[in-house]
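Turn these sequences into a full structure, and let the hints guide you.
Number of protein chains: 2
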Amino acid sequence: MSKVGILGAGTWGIALSRMLANTGHTVTVWSALPDEVKQLDQTRQQKNLPGMTIPASITFTSDLPAACTDQALLLLAVPSVYVRSTVKQAAPFIPAGQLIVDVAKGLEPDTMLTMTQVIADELSQLHAPKMRLVALSGPTHAEEVALDLPTTIVAAADDEEAAKQAQDIFTSSFMRVYTNPDRYGVELCGALKNIIALAAGISDGLGYGDNAKAALITRGMTEIKRLGTKLGAHAATFDGLAGIGDLIVTGTSTHSRNHNCGLLIGQGMSPAAAKKQIGMVVEGINAIPGALELAAKANVSMPIVETVDQVINHGLDPKEAVQQLLNRKKKAEF
Amino acid sequence: MSKVGILGAGTWGIALSRMLANTGHTVTVWSALPDEVKQLDQTRQQKNLPGMTIPASITFTSDLPAACTDQALLLLAVPSVYVRSTVKQAAPFIPAGQLIVDVAKGLEPDTMLTMTQVIADELSQLHAPKMRLVALSGPTHAEEVALDLPTTIVAAADDEEAAKQAQDIFTSSFMRVYTNPDRYGVELCGALKNIIALAAGISDGLGYGDNAKAALITRGMTEIKRLGTKLGAHAATFDGLAGIGDLIVTGTSTHSRNHNCGLLIGQGMSPAAAKKQIGMVVEGINAIPGALELAAKANVSMPIVETVDQVINHGLDPKEAVQQLLNRKKKAEF
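Chains E and S, in that order, give the protein sequences. Sequence positions in the first sequence follow my numbering and run 84 to 417. Sequence positions in the second sequence follow my numbering and run 84 to 417.
It should be emphasised that the hints constitute simulated quantities derived from the structure, not laboratory data. Predicted model only: the values in this text are computed from it and were never measured. Using N, Cα and C, we set each Cβ at its ideal position, and we do this for glycine too. Certain hints may be false.
[To be verified] Facing chain S, a subset of chain E residues (Cβ under 10 Å, in silico):
#: 1; residue: Q250
#: 2; residue: F257
#: 3; residue: G292
#: 4; residue: A298
#: 5; residue: D400
#: 6; residue: E403
#: 7; residue: V405
#: 8; residue: K413
Printed below as a string of structure tokens:
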């Protein structure tokens, strides 16, 4: 059994910390907020995971050096917007060669870096070339992992040994972990799938059915794959658990913020009002500029992403948008 | 506009006939049952498509030669078990070089032939090598096409001109048709996806969640693709609308007989009792022997299909089956 440090105490960090502790690992969870640490430690409950009890064996702390020291694995589970600042703060306490697993998904604005690329960027001056970075991603509602429901996930790393070590640690009685050599492809899927989930929500909001939604999910992943492979990622990643698998869960779930924001827009609400009503970050909207920039750079056509951009940012009527997609020039599937 | 003959008056044949007639094509629908012809002609309703009115312009007939003569396109829309006998009966009236589109899905027991291969087999003595055969397949609930809801579909043929002609005729204001050069791959997906839909239903019946279902759908299509590419089909077909797209619709729909049969089994009913309660053909169960035979022939591992076979035909407890799948040797995703 291993020692694991977890940075971040949101739903996903806590659901994974509970699973790891129940598997027998020694788990320390860090949060930047002392009040959150106190509340989690005392109540052993996470407010967004009702009914789940946090094992007594988990240590909560707001002491960052303590959380980073002497761990077999360090799990980054803070929201994507805090990844750079958290790693910057933690870097002095992270040993060279530390196995680091990231579960945050997103592209950093301006740099277009994925989350493990941001981590590498922050650590590079201290530790290069000894970094062992893994992206952990797949079709994984935290709420289901918190209930021990069967789940699969991908541990992706350029370094096969790092991926296998993460596979060993995250394998549990209900979680099956596959290794994958394509960290960049896995992270690209995680960052871009929310745009397609937004499109699926808009389709539902317009009153369209399963045929339209399956078409958007399938053709949406086709265009993400077209972009990703042009950027050097592996085609099979996009057909796998972190690609189409994660998009199926996100695009068909009524728990997804991206799907629900799209739903409101499809029902006639303005994008600005829908964003306001959701009240939290809608990753799909934030990912649009990055996707378009990468597509332009790679000279790849992404008709669904471009149409979502027109609806969200340029006032195109959703019904008209669907007609535009349907009436494009007749073509071959591949 | 074109003349189209449709053999078969089930939900899918009627939903397509209505769309084609509304697009301006001249449509004749044949049924083997004179009573059905009379009822459809008089009521302009199909009992399983409530609320849909059949256009007055459609001609219904039980005269097979009339339905097959002088058509730009002949659509085979009979259940898969009737494809061979229908084509045998119609063959003398089908002109050489006739464009034939099939929508029935399945593998013929014993021969392992797909439906267009069965058609080719029946017509070969009369017409070879002048056959123009297209498989039309995708994520397409008939109920949604009957309501003009946006839908995508694939027209697959070895002969590109045949695929394009079908594309032209089936394109409508709400249906987008992609051509595909891999007829065999498209038909293999249609025949085998129902086994995975059965597995998804079993998972739901056990009370498992979206994570498990997305994993079964993703990994299920991975093993169908592994088999199909070994048998000469194109990998991209399995990642496309007739592959993962159709499986998403079938595996997540509560309208699918295969999903519902699995659901009952997951809830504890015996496979025999579940089959009896569904009361209609459960294609996923019928497809298992063919899938296993092809997998053995191609020397390909299909763990999900093999596990479904154990549950359906050899008394394995569904919960135990899930544990077996989760506890397989750790591996790489691809």
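Let's test the interface hint: is any C-beta of chain S closer than 10 Å to that of E:F257?
For E:F257, the interface hint holds, since the closest Cβ of chain S sits about 7 Å away, which is under 10 Å.
Would the stated hint for E:A298 survive a check requiring a Cβ distance to chain S of less than 10 Å?
Nearest chain S Cβ about 4 Å off; hint holds.
So, as I understand it, the hint says E:K413 touches chain S; can you test that by seeing if any CB pair is closer than 10 Å?
holds, 6 Å
Restraint outcome when E:Q250 is required to lie within 10 Å of chain S by C-beta distance
holds, 6 Å
Given hint E:G292 near chain S, where the shortest CB pair must fall under 10 Å
Since the shortest Cβ distance to chain S is 4 Å, the answer is holds.
Was the hint right that E:E403 lines chain S, CB cutoff 10 Å?
Because about 13 Å separates E:E403 from the closest Cβ in chain S, which is outside the 10 Å limit, the hint is violated.
Hint E:V405 vs chain S: min CB-CB distance below 10 Å?
Holds: closest Cβ of chain S sits about 6 Å from E:V405, inside 10 Å.
Interface hint outcome for E:D400 [beta carbon to chain S under 10 Å]:
Result: violated, 15 Å to nearest chain S Cβ.
In this structure, the hints that do not hold are numbers 5 and 6, in rising order.
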